[in-house]
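Asks: Next come the chains, spelled out residue by residue.
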Amino acid sequence: MATTNAGAPSTEGAPAAAEFKAPLKPVSNDFSIQIATVNGSGSQSANSVLLRSIFAMGVPVSGKNLFPSNIAGLPTWYTIRASKYGYVARRKDIDILIALNAETAKDDILSLRPGSVAIYEENLNLKQYREDVTCYPVPFEKLAATVCPEAKLRKLVRNMIYVGVAAQLLSMDMKAVETSLRKQFAKKQKAADLNWAAVEAGFNFAAQSLTKQDPFVLERMHATEGKIIIDGNAAIALGAMFAGVTVVTWYPITPSSSVVEQLIDYLKKYRIEQDGKANFAVVQAEDELAAIGMVLGAGWAGARSMTATSGPGISLMAEFAGLGYFSELPGVIFDVQRVGPSTGLPTRTSQADLLPVAFLSHGDTKHVILLPGSVKECFEFAGAAFDLAEQLQTPIFVLSDLDLGMNNWMSDPFEYPEKPLNRGKVLTAEDLKRLGSFARYQDVDGDGIPYRTLPGTDHPKAAYFTRGSGHNEKALYSERPEDYQNLMERLARKFETARTLVPAPVVVQTGKSKIGLIAYGTSDFAVAESRDQMKKEYGLEVDYLRIRAYPFTREVREFVASHERVYVVEQNRDAQMLSLLKLDLAVEQTPKLRSVRHFNGLPIDARSVTDEIVLQEGV
Amino acid sequence: MAATVTGPGPKVNRIGLPVIEYRGGKTTLCAGCGHNAISERVIDAMYEMGVQPERVMKLSGIGCSSKSPAYFLSRAHSFNSVHGRMPSVATGALLANKTMMGLGVSGDGDSASIGIGQFVHLMRRNLPMIYIIEDNGVYGLTKGQFSATADIGSKLKTGVINDLPAIDTCSLAIQLGATFVGRSFSGDKKQLLTMLKAAIAHKGTVMLDVISPCVTFNDHEGSTRSYKYMQEHEDAIAEIGFVPHFEEIDVEYDAGTTLDVTMHDGSSLRLKKLHEHYDPTDRAAAVKALIEAHEKGEVLTGVFYIDTNKPAFTDLLNLVDEPLATLPQERVRPAKQVLDDIMARLK
Numbered sequence: 001m002a003t004t005n006a007g008a009p010s011t012e013g014a015p016a017a018a019e020f021k022a023p024l025k026p027v028s029n030d031f032s033i034q035i036a037t038v039n040g041s042g043s044q045s046a047n048s049v050l051l052r053s054i055f056a057m058g059v060p061v062s063g064k065n066l067f068p069s070n071i072a073g074l075p076t077w078y079t080i081r082a083s084k085y086g087y088v089a090r091r092k093d094i095d096i097l098i099a100l101n102a103e104t105a106k107d108d109i110l111s112l113r114p115g116s117v118a119i120y121e122e123n124l125n126l127k128q129y130r131e132d133v134t135c136y137p138v139p140f141e142k143l144a145a146t147v148c149p150e151a152k153l154r155k156l157v158r159n160m161i162y163v164g165v166a167a168q169l170l171s172m173d174m175k176a177v178e179t180s181l182r183k184q185f186a187k188k189q190k191a192a193d194l195n196w197a198a199v200e201a202g203f204n205f206a207a208q209s210l211t212k213q214d215p216f217v218l219e220r221m222h223a224t225e226g227k228i229i230i231d232g233n234a235a236i237a238l239g240a241m242f243a244g245v246t247v248v249t250w251y252p253i254t255p256s257s258s259v260v261e262q263l264i265d266y267l268k269k270y271r272i273e274q275d276g277k278a279n280f281a282v283v284q285a286e287d288e289l290a291a292i293g294m295v296l297g298a299g300w301a302g303a304r305s306m307t308a309t310s311g312p313g314i315s316l317m318a319e320f321a322g323l324g325y326f327s328e329l330p331g332v333i334f335d336v337q338r339v340g341p342s343t344g345l346p347t348r349t350s351q352a353d354l355l356p357v358a359f360l361s362h363g364d365t366k367h368v369i370l371l372p373g374s375v376k377e378c379f380e381f382a383g384a385a386f387d388l389a390e391q392l393q394t395p396i397f398v399l400s401d402l403d404l405g406m407n408n409w410m411s412d413p414f415e416y417p418e419k420p421l422n423r424g425k426v427l428t429a430e431d432l433k434r435l436g437s438f439a440r441y442q443d444v445d446g447d448g449i450p451y452r453t454l455p456g457t458d459h460p461k462a463a464y465f466t467r468g469s470g471h472n473e474k475a476l477y478s479e480r481p482e483d484y485q486n487l488m489e490r491l492a493r494k495f496e497t498a499r500t501l502v503p504a505p506v507v508v509q510t511g512k513s514k515i516g517l518i519a520y521g522t523s524d525f526a527v528a529e530s531r532d533q534m535k536k537e538y539g540l541e542v543d544y545l546r547i548r549a550y551p552f553t554r555e556v557r558e559f560v561a562s563h564e565r566v567y568v569v570e571q572n573r574d575a576q577m578l579s580l581l582k583l584d585l586a587v588e589q590t591p592k593l594r595s596v597r598h599f600n601g602l603p604i605d606a607r608s609v610t611d612e613i614v615l616q617e618g619v
Numbered sequence: 620m621a622a623t624v625t626g627p628g629p630k631v632n633r634i635g636l637p638v639i640e641y642r643g644g645k646t647t648l649c650a651g652c653g654h655n656a657i658s659e660r661v662i663d664a665m666y667e668m669g670v671q672p673e674r675v676m677k678l679s680g681i682g683c684s685s686k687s688p689a690y691f692l693s694r695a696h697s698f699n700s701v702h703g704r705m706p707s708v709a710t711g712a713l714l715a716n717k718t719m720m721g722l723g724v725s726g727d728g729d730s731a732s733i734g735i736g737q738f739v740h741l742m743r744r745n746l747p748m749i750y751i752i753e754d755n756g757v758y759g760l761t762k763g764q765f766s767a768t769a770d771i772g773s774k775l776k777t778g779v780i781n782d783l784p785a786i787d788t789c790s791l792a793i794q795l796g797a798t799f800v801g802r803s804f805s806g807d808k809k810q811l812l813t814m815l816k817a818a819i820a821h822k823g824t825v826m827l828d829v830i831s832p833c834v835t836f837n838d839h840e841g842s843t844r845s846y847k848y849m850q851e852h853e854d855a856i857a858e859i860g861f862v863p864h865f866e867e868i869d870v871e872y873d874a875g876t877t878l879d880v881t882m883h884d885g886s887s888l889r890l891k892k893l894h895e896h897y898d899p900t901d902r903a904a905a906v907k908a909l910i911e912a913h914e915k916g917e918v919l920t921g922v923f924y925i926d927t928n929k930p931a932f933t934d935l936l937n938l939v940d941e942p943l944a945t946l947p948q949e950r951v952r953p954a955k956q957v958l959d960d961i962m963a964r965l966k
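Residue numbers (the working numbering), protein chains in the order written: chain A, 1 to 619; chain B, 620 to 966.
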């Protein structure tokens, strides 16, 4: 099993083996739980109720679904981390195992560190494998049979029992659990009652038959007040809806499908007009080639258009991406990254599409990329992407990843976008009457961004010819060397304009440290925790810059220039961000860059970052 | 602009435009290329139907055929996209603005080989547009390789004989759900013009496969796409008459031999049977006629299938009346209260 690392030393969470027998000092609000179940067994509801119950107790919490590429039957793990410090990155070590999958149970318990806890189906008899793990055998099957006489539903209810057991062992507030459960089954009273009975059965069993022998407890905090829980894909969907998206095309692919599925739900609820008609169109395309073709066709005709995909879809979109860049067509492409190459690990996370997307297509092509690092930024950058696409008249790529997209995250509520939609440089019939004519690809303003007209503009001089072949300022076919060169230089100028419009990085700099750290996207969660570790454990102060877009804004160059060594943390094998930085930085700056990479398909954790930097620093 | 100019000056159509306003740039295709004749017929049809050029979007893929939108209707926006992918671009563009008329021009390579995936899905969506395949059986720009519509036994200039069966785009389109399917010949002025005018009146996917000989690479003895072959083997399934909605119907017809189809805009399509079992509302009969003619080495032309009842893709989507592209912010960005409510539920 790949989800824990039994051999790694750790200073977090569970007490070390030596002090295991000593009187227990409670470990409050700082541990991780792993629930091992079978895919398709309804465990998601139980996992979600447990996560939300901890959240409802005011304790910062994060959850990660480690699931196989499978409909039902294969093992799946869900990890929940409670952290009074607010850390939400994955933790390498598991403190509490809930083993409900007979197939993996032995490996699951063997992977635990001494002093951990295992809650398991009593028939599995896991105690035989580990003397140094606190074992809580629970007769899940028997309890389920009592709660649910209907054999058909029993499988689904069985998982909910563990929530009750955990609630009792961790001293959870049962009111918080019930509220979370009733919210989970909001529209299904009968299911809610049945599941609540299962929770109570688990709770009562634990109260009567188990003796608490471990230190882990949950205590009420007030750190989640006012916060929401949402997954990144839903956040993108919301961002797109509030950005006024009107044409949505897609081809289903994990882990991006739920972007559009959730968007469809939102649009049907909030974007049907009073006469019952839709002010949006959603098309499930025949493939990703068609999906992006539709996006660019719609963008050309003036709509706010988008598609959502993942790596293999990005590969298929390459040709059209070049057309979009060269012919200057707006459109937004959300890439929820998974592990490649090829089919790769379709249900695991990665940041390895960065370079392929930056230069997607043949010829001298480069694209504007936004890199959200939280669900809030998924919402905000989705909105920004539509503005940028129309302002810059080019495809805008938004790179999320599976970890951000498909997992639930705590967040401050999203703020309503007060800025009006920026529809870019579009000439109307009235403008043309005033101007007399226009040249589609002329750089009137010196920012590399020309003016366009939309099909249907009621003026005889409005039309122009869009083509992926060479063209001059008037959009006429041209193979003249100077026309081509002028065009390519203007597109480069436009890219420079993009540099000034994209979200600037977030910089945490004391001005005293010689060491800098650069990260982007979901690595932020691990980096935040790692910086604390480095400071606390090694006295190492590390400045931090989180990149939020490509092309890089000037702050990136300044940050590298003001440090002696800069660690670039990323979730891919080939140090893709580091490579991209090398292309942008002055040559004398590039030797400063050092690489910290994490690419096993699991979300990056703080300890991996800390260990690697400490190693390279020779501390 | 809608006023009809009378008295001296150029002849104008019903919206007051002379035919010159429907022309395009000078063609760069070979002299005698069938595609140029098709461009001429498009100009005539648009002019005669009184279509406002600004209300048309021209779309194409890659190839000789796909260059031709540059040679007609300069006053219409045009999009020369990538090879075989025009259907998706057209779909996006027409969803963005369903009030526009879509006119797609493709070729046999563009549609039947590299673009067959998008072609079939366009047909099954019944996207409201005119889709013309300028079909010459060869790749012209790459100097004369066979395309997938070339007939078995057809010979290249180099002597190479095609030994794979032809894809019949008309049969495919009928089977998949296009609602106006026909074949014509670039050299058959009258039939092609009439079909194009009827196509303009139709709402739904119009798929017209127009045999358009390539004078440079496929017009020799032994080719089944040559002018000579077409002159000898064209077999019209029906005689086509068209009365646009803005003209009065004053011609009597024999209901026993002629079918009168009322089009979406009120125009009338008159189809006089030349084949015994001709019934353009029967998909199976249409496909059967196509297969039988092909087996005899004949090239069947005319309107094979028409359905004026099936909803177009834009109707299925239940879109608002105005173009999605230009809806104001008030209509596409929900109110603050909506976001606040959603946030409250996520707490």
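Hint data in this document are derived by calculation from the structure and do not stem from the laboratory. Predicted, not measured: the structure shown is a model, and the values here were computed from it. Possibly wrong hints are sitting among the right ones.
[Claimed, not checked] No more than 35 Å apart at the CA atoms, straight line, and that leaves these computed lysine-lysine pairs for DSBU-like:
id : chain 1 : residue 1 : chain 2 : residue 2
1  : A       : Lys155    : B       : Lys966
2  : B       : Lys966    : A       : Lys277
3  : A       : Lys268    : B       : Lys966
4  : B       : Lys808    : A       : Lys175
5  : A       : Lys433    : B       : Lys822
6  : B       : Lys776    : A       : Lys25
7  : A       : Lys277    : B       : Lys645
8  : A       : Lys268    : B       : Lys929
9  : A       : Lys536    : B       : Lys808
10 : B       : Lys645    : A       : Lys474
11 : B       : Lys630    : A       : Lys277
12 : B       : Lys907    : A       : Lys227
13 : B       : Lys645    : A       : Lys188
14 : A       : Lys175    : A       : Lys25
15 : A       : Lys277    : B       : Lys808
16 : B       : Lys822    : A       : Lys425
17 : B       : Lys808    : A       : Lys461
18 : A       : Lys175    : B       : Lys645
19 : B       : Lys955    : A       : Lys461
20 : A       : Lys187    : B       : Lys955
21 : B       : Lys955    : A       : Lys474
22 : B       : Lys808    : A       : Lys419
23 : B       : Lys929    : A       : Lys188
24 : A       : Lys433    : B       : Lys630
25 : B       : Lys955    : A       : Lys376
26 : A       : Lys84     : B       : Lys955
27 : A       : Lys269    : B       : Lys645
28 : A       : Lys425    : B       : Lys645
29 : B       : Lys929    : A       : Lys425
30 : A       : Lys268    : B       : Lys822
31 : B       : Lys645    : A       : Lys461
32 : B       : Lys966    : A       : Lys461
33 : B       : Lys645    : A       : Lys227
34 : A       : Lys535    : B       : Lys966
35 : B       : Lys966    : A       : Lys376
36 : A       : Lys376    : A       : Lys535
[What the hints assert, rightly or not] To give an idea of the chain A side of the interface with chain B (calculated C-beta under 10 Å), a few residues:
id : residue
37 : Thr211
38 : Ile292
39 : Ser562
Backbone N, C-alpha and C define an ideal beta-carbon position, used for all residues, glycine too.
Asks: Mind checking the alpha carbons of lysine 822 of chain B and lysine 425 of chain A for me, to see if they're no more than 35 Å apart?
Replies: holds (33 Å)
Asks: If you draw a straight line from the CA of lysine 175 of chain A to the CA of lysine 25 of chain A, is it 35 Å or shorter?
Replies: holds (26 Å)
Asks: Straight-line Cα separation of lysine 645 of chain B and lysine 474 of chain A no greater than 35 Å?
Replies: holds (16 Å)
Asks: Is it true that the CA of lysine 808 of chain B sits at most 35 Å from the CA of lysine 175 of chain A?
Replies: violated (81 Å)
Asks: Can the restraint linking lysine 808 of chain B and lysine 461 of chain A be considered satisfied, given a maximum Cα separation of 35 Å?
Replies: holds (30 Å)
Asks: With the threshold set at 35 Å, check whether the alpha-carbon distance from lysine 175 of chain A to lysine 645 of chain B stays at or below it.
Replies: Measuring from Cα to Cα gives roughly 79 Å; hence the hint is violated.
Asks: Just to be careful: measuring from the Cβ of isoleucine 292 of chain A to every Cβ in chain B, is the smallest value less than 10 Å?
Replies: holds (8 Å)
Asks: Let me know if the C-beta of threonine 211 of chain A comes in closer than 10 Å to any C-beta of chain B, holds or violated.
Replies: violated (36 Å)
Asks: Assess, step by step, whether the Cα of lysine 966 of chain B is no farther than 35 Å from the Cα of lysine 376 of chain A, and give holds or violated.
Replies: Holds, at roughly 14 Å.
Asks: Assess, step by step, whether the Cα of lysine 955 of chain B is no farther than 35 Å from the Cα of lysine 461 of chain A, and give holds or violated.
Replies: Answer violated: lysine 955 of chain B to lysine 461 of chain A is near 40 Å, above 35 Å.
Asks: Is the straight-line distance between the alpha-carbon of lysine 277 of chain A and that of lysine 645 of chain B 35 Å or less?
Replies: violated (44 Å)
Asks: Take the C-alpha atoms of lysine 929 of chain B and lysine 188 of chain A, compute the straight-line distance between them, and say whether it is at most 35 Å.
Replies: violated (39 Å)
When each numbered hint is compared with the structure, violations occur for hints 4, 6, 7, 9, 11, 12, 13, 15, 18, 19, 21, 22, 23, 27, 29, 32, 33, 37 and 39.
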